[in-house]
Amino acid sequence: NAGVTQTPKFQVLKTGQSMTLQCAQDMNHNSMYWYRQDPGMGLRLIYYSASEGTTDKGEVPNGYNVSRLNKREFSLRLESAAPSQTSVYFCASTRTWEMNTEAFFGQGTRLTVV
Amino acid sequence: SQQGEEDPQALSIQEGENATMNCSYKTSINNLQWYRQNSGRGLVHLILIRSNEREKHSGRLRVTLDTSKKSSSLLITASRAADTASYFCATGGSYIPTFGRGTSLIVHP
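Going down the list, the sequences are from chains A and B.
The opening residue of the first sequence carries number 1 in the working numbering; numbering runs sequentially from there.
The opening residue of the second sequence carries number 1001 in the working numbering; numbering runs sequentially from there.
Since the hints were derived computationally from the structure, they do not count as laboratory data.
This list has only true hints and no planted wrong ones.
So these bits of chain A aren't anywhere near chain B, every CB distance computed over 10 Å: (1) Leu-13; (2) Asn-28; (3) Asn-62; (4) Leu-111.
Heads up, incomplete: computed chain B residues facing chain A, CB under 7 Å, no partners named: (5) Leu-1043; (6) Pro-1097; (7) Gly-1100; (8) Gly-1102.
Even for Gly, the Cβ is constructed at its ideal location relative to N, Cα and C.
This is chain A alone, in the form it adopts within the complex (with noise of 0.2 Å):
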């Protein structure tokens, strides 16, 4: 049962360059989101998805789109990285959008930009 899995673990960008971090989870959940964390500021969510079929902005969008490819997959894609998006990155997911299960959480990506 492997839960939430993101690829990738590590990556370096240079400033301008785009990629896509891929979030999957085997668990059925109808919710998902992503987050950044940096030292000293906690968790801060990205986009988040409620269900299959919808995305919205959380509170640092900025520099960020997703995709909701199915119920499945939770992309993130940085369209023009930037040394500000240098972050580690965390996918999870629940059951219900109300958030009254626990979340199970993907082990991150840490991505550095130069």
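We have chain A already, so just place chain B on it with the hints.
What follows is chain B alone, placed relative to chain A:
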């Protein structure tokens, strides 16, 4: 802005001692959850307490919730070196899981 805020930001104790960390939040909630993050890893769910509960236990963990003060506490009893991690609270019921900045716990052997 953060919905939940953990306190203290850092905590250093000896193995066998108890560790207490607190979480304050701003708006009404349906539940409050605590998570642990080991260095470089994803968050792992520890315990969920609903708004109509005042206390909940799970192994060496004890969580309390005071909705009148909008606060919660996590107590880890008889701590072990393996408890070294960051601990986060998250509030449910606002439809989006929001996390605080976390408490960094170091347990010295």
